[in-house]
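Peer 1: If you're matching them up, the sequences are chains A and B in order. Numbered by this note's numbering, the letters in the first sequence go through residues 1 to 52 in order. Numbered by this note's numbering, the letters in the second sequence go through residues 1 to 386 in order.
Calculated from the structure, these hints are not laboratory results. What you are looking at is a predicted structure, and each value in this text was computed from that prediction instead of being measured. Backbone N, C-alpha and C define an ideal beta-carbon position, used for all residues, glycine too. Hints are not guaranteed to be accurate.
Claimed, not checked - Under the rule of at most 27 angstroms between Cα atoms (straight-line distance), these lysine-lysine pairs were calculated in the DSSO-like manner:
(1) B:K249 x B:K320
(2) A:K46 x B:K94
(3) B:K249 x B:K94
(4) A:K3 x B:K370
(5) A:K46 x B:K249
(6) B:K322 x A:K3
(7) B:K322 x A:K2
(8) B:K384 x A:K46
Unchecked claim - Now the stretches of chain A that chain B is said to cover, found in silico as 3 or more residues with beta-carbon under 8 angstroms:
(9) 1 to 11
(10) 33 to 42
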Amino acid sequence: MKKYECNVCGYIYDPEIGDPDNGIEPGTAFEDLPDDWVCPECGVGKEEFSAV
Amino acid sequence: MKAGIIGAGFAGVTAAKLIAERGVDVTLFSAEKVPPYYRPRLPELALGYDAPPDIFMHGLEWYADNGIDLRLDSEVKAFTPDFEVTLKDGKREKFDVLIIAAGGGPRVPAFCRDCKLPGVFQLWNYSDAVNIREHLGAGKRLVIVGGGIIGLESALRARDGNLEVTIIEKAKFLMPQNFGENASKLIEAQLRERNINLLLDDSVSCFTEREKTGIFVDTENKNGILCDFVIVSVGVEFDTSMATAAGLKTDRRICVDKYLRTSASGIFAAGDIAGLGVWDSCSAKTALAQGKTAGYNALAFLNGGKMEIYEAEPVPVNLKYKDFQLYSIGEIPGLGKAEKILDSDGINTYRGCVYKDKVLTGVEMVGTNKDFIIYQKELLENHKRQ
Chain A
1 MKKYECNVCG YIYDPEIGDP DNGIEPGTAF EDLPDDWVCP ECGVGKEEFS
51 AV
Chain B
1 MKAGIIGAGF AGVTAAKLIA ERGVDVTLFS AEKVPPYYRP RLPELALGYD
51 APPDIFMHGL EWYADNGIDL RLDSEVKAFT PDFEVTLKDG KREKFDVLII
101 AAGGGPRVPA FCRDCKLPGV FQLWNYSDAV NIREHLGAGK RLVIVGGGII
151 GLESALRARD GNLEVTIIEK AKFLMPQNFG ENASKLIEAQ LRERNINLLL
201 DDSVSCFTER EKTGIFVDTE NKNGILCDFV IVSVGVEFDT SMATAAGLKT
251 DRRICVDKYL RTSASGIFAA GDIAGLGVWD SCSAKTALAQ GKTAGYNALA
301 FLNGGKMEIY EAEPVPVNLK YKDFQLYSIG EIPGLGKAEK ILDSDGINTY
351 RGCVYKDKVL TGVEMVGTNK DFIIYQKELL ENHKRQ
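Chain A with its partners taken away, still in its complex shape:
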């Protein structure tokens, strides 16, 4: 599963880690994140992320 980087602030979403503080379990692929999931650092939406 690919990691994704927030274009705005550089935060890396790592699917192996997930985003547990925001209810996203480890092992969740970026594509499977809910549509309203936002970057935990700067708040922008999924559309501002690029695969790295």
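Got chain A; can you put chain B on it based on the hints?
Peer 2: Frame of chain A; chain B shown alone:
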């Protein structure tokens, strides 16, 4: 019908995209020579020891491909209430609606104003970051003036690059607008733990060049630091002279209502330069949201449709760099605002909330972001209910 957008930061580009998607011609003026980029990435570009990141929002061809007439190196010098824009080369262009998204600029304190020393930098725009990066070989001693979010991130990155770093901060404790003293003390300790020198309650009086040995930084408290380069990051200021000249109502920023309308009909403002008068800040999150609303409302102005309201709300301030993190939103502890410490180990992590009349109005965290989003959500809901 043509829309003109002054300023190609995140708000301007977002508004341009929305307008172009509806098939309306849009021209996006940028004073920069480089394509639009994400400003929050600049400290990484300036000081990151990895390969420089690509921080551009889109490739150049994206703009034309998406119906946006992007004009680089096209600083706008004036605009009129009837939508005529004058560029720095004297050329004029007429539009049917305008969005001002020109952002702010770095505050230039007195000790910088006449300073021509090479090696003293602002960190506001792309060329600043590139200049800093190119200058990094000059030496290992860096002084950062201003212990705000930019100063702190720059210090952390510089330490990873093995520079000797000193931060000079005017306030008695760090980030007093965003953290109470308890949280701030932890931030301070964690910076010192990373061998970042901190001079609090002090400010620069002047810079002097010491031939062959560097730059001498003199402070009000008679501290003197010899260094190789300086980054000045002491906040933002807004040049509203163009807006004032056009007759728009301005305060510190350009005054806008909840539809992001300025006092001139058909002229909107979005992003850092837009002043709603409540929760104004400098934030990518706000730029994105306001860019969308301004774009939408500019279209509504053109076709007589219904405008949408932009809801101002508290904006989080955060910084995460490796294992250093801080998060804050809303009010800080103070008079009439009770602080409730959720947990703190006094060294690594701190989580606190602020309550006013038993309602959550502020959250601060250092060293962790556990449940920050949940508290933030509650705070924003409380805010809406008021």
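Peer 1: Would you mind marking each hint as holding or not holding in the structure?
Peer 2: Hints and how they fare:
| no. | hint | result |
| --- | --- | --- |
| 1 | B:K249 x B:K320 | violated, 37 angstroms |
| 2 | A:K46 x B:K94 | violated, 36 angstroms |
| 3 | B:K249 x B:K94 | holds, 22 angstroms |
| 4 | A:K3 x B:K370 | holds, 22 angstroms |
| 5 | A:K46 x B:K249 | violated, 36 angstroms |
| 6 | B:K322 x A:K3 | holds, 16 angstroms |
| 7 | B:K322 x A:K2 | holds, 20 angstroms |
| 8 | B:K384 x A:K46 | holds, 25 angstroms |
| 9 | 1 to 11 | holds (count 5) |
| 10 | 33 to 42 | holds (count 3) |
Consistency note: the structure conflicts with the earlier hints numbered 1, 2, 5.
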